[in-house]
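Enquirer: Chains as they are written, first to last, in this note's numbering: chain A, 19 to 355; chain B, 7 to 388.
Since the hints were made in silico from the structure, they are not lab data. Wrong hints could be hidden among the right ones.
Per the computed footprint, the stretches of chain A lying under chain B, defined by three or more beta-carbons under 8 Å from a beta-carbon of chain B, are [stated by the list, open to error]: (1) 54-64; (2) 81-89; (3) 142-154; (4) 323-330; (5) 335-349.
Using N, Cα and C, we set each Cβ at its ideal position, and we do this for glycine too.
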Amino acid sequence: MTSPAAGKQNAGKLTLSRALNEGLRKAMENDPKVLVMGEDVGRLGGVFRVTDGLQKDFGEDRVIDTPLAESGIVGTAIGLALRGYRPVCEIQFDGFVFPAFDQIVSQLAKMSYRSAGHVRLPVVVRIPFGGGIGAVEHHSESPEALFAHIAGLRVVACGDPADGYAMIQQAISCDDPVIFFEPKRRYWDKTDVDLAGGVAAALPIDTARTLVTGTDVTLLCYGPMVRTCVEAAVAAQEEGKSIEVIDLRSLSPLDTETIFASVRKTGRCVVVHEAAVTGGIGGEIAARVSQECFYHLEAPVLRAGGYTTPYPPSRIEDHYLPDLDRVLDVVDRAFGY
Amino acid sequence: MAVKAAGQAASPSRSHDEPPPTPQLIQLLTPEGERAEHPDYPLDLTPDEIKALYRDLILVRRIDFEAIALQRQGELGIWASLLGQEAAQVGSGRALGPRDMAFPTYREHGVAWCRGLDPAKLLELFRGVSHGGWDPKAHNFHLYTIVIGAQTLHATGYAMGIQRDGALGEDGEAAIVYFGDGATSQGDVNEAFIWASVTNAPVVFFCQNNQWAISEPLDRQTRIPLYHRARGFGFPGIRVDGNDVFACLAVTRQAMQAAREGQGPTLIEAFTYRMGAHTTTDDPTRYRLSAELESWKLKDPIERVKQYLIRSGMAQESFFTGVSAEADEVGIRIRKACLEMPDPDPLSMFDHIYAEPSGLLEEERAQLAAYLSSFVSEEAAR
Ligand SMILES: Cc1ncc(C[n+]2csc(CCOP(=O)(O)OP(=O)(O)O)c2C)c(N)n1
Ligand SMILES: [Mg+2]
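Extracted from the complex, chain A is given alone in its bound form:
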């Protein structure tokens, strides 16, 4: 079973969608217990084409077009995991994970604890998340904090193709349940992906990554905001501000070591996410940074994110989503104390 991209390995740039596809393919080649399951993941290859061609190459036993029921997808994935499989579930859009919320929160997250460690559930739940694609309701949400609140789940978000390729493989080989968020508006962004390199050398999945080093302010982000924040750092550079950009990657557990070290260096911290600021990941980080870096802070920890509203109609979503200007506006405020 050769990968269609095998001939052009290292040949360069892949989209995030394609990089995830290659990562899934690698994981399936390496471990016959890895299964892919979800709505339209088979012949269609998923609505974002992340599972394109996998059913053709690995068969209907391993790439399963499921009945249209998210609770069923996750619930049966748990059963398959109990039987030794490593299912990768696709939830078609962020807003459709909620029928599976009970299975994820009360079963998937707690089985290890309930069984005193006798049972591990290596289930990955992939969720395309975030807005900016002009979609109708329920197709643009950022529910990551709801999952980060639940002990027993690992919650991660990839920010670019290279990371997507490595992180999906790491998530699959992880013995804990992983909620894997994919920034859907970045599916067609391209970067270099080293397909030959293997993941052994890749950054561990629970480690944050410093993308831009800087001295004046720490900008924490993940998923779709990674690109925005790197662009913000470049723009700020022109104004003489040195921004350190960190892609959190893991939202639970948080890599607080990397975060604290950076904030102690810069003295300022801004957290950026598309999700509503209220009750979001940013609040958790702000509390921890305030506690652990208090004497290093020049300003309170600030947040740029969605408002405390449901995701608005797409014609005004640009006003809801933090963009380059909004991020820089909040960064400016961090210099105003």
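Assemble chain B with the ligands onto chain A, guided by the hints.
Expert: Coordinates of chain B with the ligands only, in the frame set by chain A:
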């Protein structure tokens, strides 16, 4: 890995006590446009009533075409076409009384039309100007529900309210809820069946089996005809030719009247076909054969009514050209409405979240207002 997961056949003796009955399809108008009779579903329509149904079918298809064109031209974000399902929607929609309540999915543009909702309201949603925003009570037509199956429980609860209000009887009220073949797999839909059965609620479950749930064919959701499922839940199930507007009208009328009179729920499986893509972002050539579409084109829901009207001499050429001209007018009107639709005020995103204004939201509204005006003053300064 020896076991084949897909296509496994349980031994027939294990899966059924008795051989399954061959599916019965209620049909009152054949694809060729011949009138058929059914002893349980007598239907007497005047020529004017038949012409009115034909007009509905044509106008609804025209609205759909216009919306697809608007999407292609970038005026709508997305559109979920009802092409092929006009008869199921118009037949059932015209079976409702003004006091009945309808709960749609995202594809029920034909039902919306029958309830009197301005099609421009639908365009608002698909353009991204609102999440729907109409008052469900204005036309007894609930908001479009995008989360698959959720509305089946809402309709059932609404029907339980009808019971408690004592609004049953010969001229009582009932609810009808629309959903697809894919939706029948959802827990919510199965729970709705149980609730409706146990409470004997006045609700009609109208399932448009259009054979596909995006790329998944019916056999990913069921191994028995969907209408057979009703029996297990304890109420009647009927399969109707979903491309036959007469049959959809007659069957829905009867089920709604039974519900109004306190005889409980019915599942109607309208056997039809999604002739277009799932939505404008979908590419069906990736997963289905065009031969299937060709065979369903022969069962077109509109052509057969036209043939019937012509053969029976009920309508002349002038009638058809008149309807077609009216359809063009409707197309022009909704296109204009769409193009003239203003984008919402960004600050309106803070409206209607709670019954009363909330302090935090008002603060955020003020923040956004200040932020937006900072750009205006920057521009003025230039
Ligand atoms: C809970 C939920 N999961 C997934 C989706 C994505 N989705 C939208 S339509 C659809 C298929 C629905 O098929 P069916 O019920 O047959 O209705 P049809 O679209 O054919 O009218 C899916 C999977 C959704 N809207 N809601
Ligand atoms: Mg369907």
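Enquirer: Hint by hint, say whether it matches the structure.
Expert: Outcome of the hint check:
1. 54-64: holds (count 6)
2. 81-89: Since 7 is at least three, the answer is holds.
3. 142-154: n = 3 at 8 Å, threshold three: holds.
4. 323-330: This one holds; 5 residues, not fewer than the three required, reach chain B with a Cβ under 8 Å.
5. 335-349: Satisfied; 5 residues make the cut.
Violated hints for the displayed structure: none, as all numbered hints are satisfied.
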